[in-house]
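Participant: What follows is each chain in one-letter form.
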Amino acid sequence: MKRNRVIFTIVSIALGFLVGGLILAAVGFNLFDVYSTMFKGVFSRPKYIAWTIIRSVPIILTGLSVAFAFRTGLFNIGAEGQFIIGALVAALLGYFLELPLVIHAIVVLIGAGIAAGLWGSIAGYLRAKFGVHEVISTIMLNWIALYLNNYVVSWEKFRRPQSEASYKILDSASIGILQQWKRTDAGREFLSNSKFLREILSAPVNWGIIIAILCAIMVWYILQKTTLGYELRAVGLNQDASEYGGINVRRSILTSMFISGILAGLAGAIHVLGVTKEVAILSFMEGSGFDGIAVALLGNNTPLGSVLSGLLFGALKYSGPKIQSTMGAPSEVINIMIGSIVFFTSMPSFIKIIASKFKRRRGEVKVD
Amino acid sequence: MYAAPLIFTALGGVASENSGVVNIGLEGMMTIGALIGATVGYYLGNPWIAFLSAGIGGGILALLHAIASITFEADQIVSGIAINFLGSGLSLFLSRIFFEGTTMTKPIDLNHKMPRPFNEIFSNNSFLDLVFNQYITVYLSFLLVLIMWFMLYKTKLGLRIRSVGEHPKAADTLGINVHRIRYFSVILSGILSGFGGAAMSLAVVSNFRPTLISGQGFIALAAMIFGKWKPQGAMLACLLFGAAQGLIVYLGGTGANIPTQILAMVPYILTLIVLTGFVGKSSGPAANGEPYTKHDIG
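These protein sequence lines map, in sequence, to chains W and C.
For the first sequence, position 273 (counting from the first letter as 1) is numbered 273 according to our numbering, and the numbering increases by one without interruption.
Just add 1000 to the spot in the second sequence (first one is 1) and you have our numbering.
It is worth saying that the hints were derived from the structure and are not from the lab.
Careful: at least some of the hints might be erroneous.
Unchecked claim - With a Cα cut of at most 27 Å, we get these calculated DSSO-like pairs of lysine-lysine:
hint, chain 1, residue 1, chain 2, residue 2
1, C, 1154, C, 1169
2, C, 1230, W, 129
3, C, 1230, W, 352
Said to hold, decoys possible - If you want the footprint, here are the derived chain W segments under chain C, 3+ residues with CB under 8 Å:
hint, region
4, 193-201
5, 237-243
Just so it is clear, CB atoms sit at the ideal spot from N, CA and C, and this is done for glycine as well.
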């Protein structure tokens, strides 16, 4: 069964690429050129690989967030809002707090995670206490988070003059790797001798991927090895039975949304501390939360699956703009491809039927 | 005026979910409808053809959702999410092809927008004028609520849709073709969402841009759940939402010293409060989200 699942996923990905290619071919692009541009755009230089990983981190984490909630029977559409809150709190703490190196970053991450966790808990509380469907409450909370972000960024002590963004966070809160060092004289001199390192460090390399992998391991541990995880999964499988079995369903829902929120909030915080160093006024949802839903679904709601599919989508999203800039092919084909991949994963029976047709043609029909 | 696109789309949700198919893809269907409406409107100059094409576009996207979730028993939430990616991806992709590489379509000539049936009947800026001088899509959406209500609760077809959503097996035993009814409902849902998108791009504004729909499909989805899966309930929820948005414009205009960002939160906070206090637990059709397989009965 497990092996089948992996095969289905791979076939879905292949079919997704095929659909994307056919659409591009239909409007007159050579799909081999497109795919080779994308492939080169991700793998041809160390810098590109570094960027791909950096871009993947937030969606791995929002993917984990959505997957975690899913396993406990909740559909967290609110990863987007939790991401915004995490990013906002990270920027605030990163700018206003003055703490020593390392400690500052850790404090910021914890603060942002907790804030986003609490934001997620609002939906959990409304569900547990009033029976408000979490799909509605998280959609509303996404918008409230967006406007809250804009309100706080417009605050005169926080907003960088003549800009649509906040002040940059202090260097002590950065989670970049060797970001300061590469600007020192010694760093410059060293890097001029090492092309490889220079390339990689030209991207904002940061600890994000390590944090994301640690989070994935934590999620796996919580779900599979602890009593809490057992209870949460039980609630996800059958709420009534769990209630009867003595599990406090309301508390489980609250806990689950809290943890889910922390994960999405960390995604936002890492994005701020590692890449943007600031938060800006948002006019629309940027979509990390929605990408997270796709990542979680493709990854079958498992931590490992989320990491792998997060990397895949990160690569797709990073290489998309490149086909636009180098060959003028619409980069939106990436969303079509992601959509197709998710679409095919939603129907394993379709792939089963196709596979059995193929087998029949080759005369190897197996009766099972 | 703000409510009309939401009402169309929320009615789409009502159609699909009453037959037992969860439709999270409303957002994608709405987006493609908005693009097609704006594109056809720009090139042909006829808002009605544009409006209908938008419906067809939404319907085609819904057909994909139907094939996946009805014939191939897909997870309906997963398929719906896929539809959202496809809808937004395809819209921007097509926009780049039809409009020289930009993701924003060219504005439609003002004379080719949706008509306002009561324009210039009442004196300018009088109360009646402000209330009734709306685009025809507003009136159409209310009419559709009525039609939808009538169809669901007063006709045989509506009874079938609801029975398929509540208890597909029983419906099947009675000789109702579960799959056919569900296909009908899901495609109808796409057509209505397409109308919703076009109501946005042909009336509220006059072109398509990437952020035009941003989240309205989800708000329509919320409105449908809020309205307890009933057409009239969904309409009230959409109106509440539209009213709150209107309130922002009003309060912003009075010069009351409230930051606009805080005002912008009001509709969403209001929705949450109303949900906790006034609506209480609501549950959808019993078989919502479950694929139905016909096993050989006899």
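Participant: Please count how many residues of the region 193-201 of chain W have a CB within 8 Å of a CB from chain C and say whether that reaches 3.
Facilitator: violated (count 0)
Participant: Is the coverage entry for the region 237-243 of chain W by chain C consistent with the three-residue Cβ rule at 8 Å?
Facilitator: Violated, because only 0 residues of the region 237-243 of chain W bring their Cβ atoms closer than 8 Å to Cβ atoms of chain C.
Participant: With a cut-off of 27 Å on the C-alpha distance, tell me whether residue 1154 of chain C and residue 1169 of chain C pass.
Facilitator: 22 Å, holds
Participant: Please work out if residue 1230 of chain C and residue 129 of chain W have their alpha carbons no farther apart than 27 Å.
Facilitator: 24 Å, holds
Participant: Need the status of pair residue 1230 of chain C, residue 352 of chain W: alpha-carbon distance at most 27 Å?
Facilitator: Violated, because 37 Å separates the two Cα atoms, which is more than 27 Å.
Violated hints for the displayed structure, listed by number in ascending order: 3, 4 and 5.
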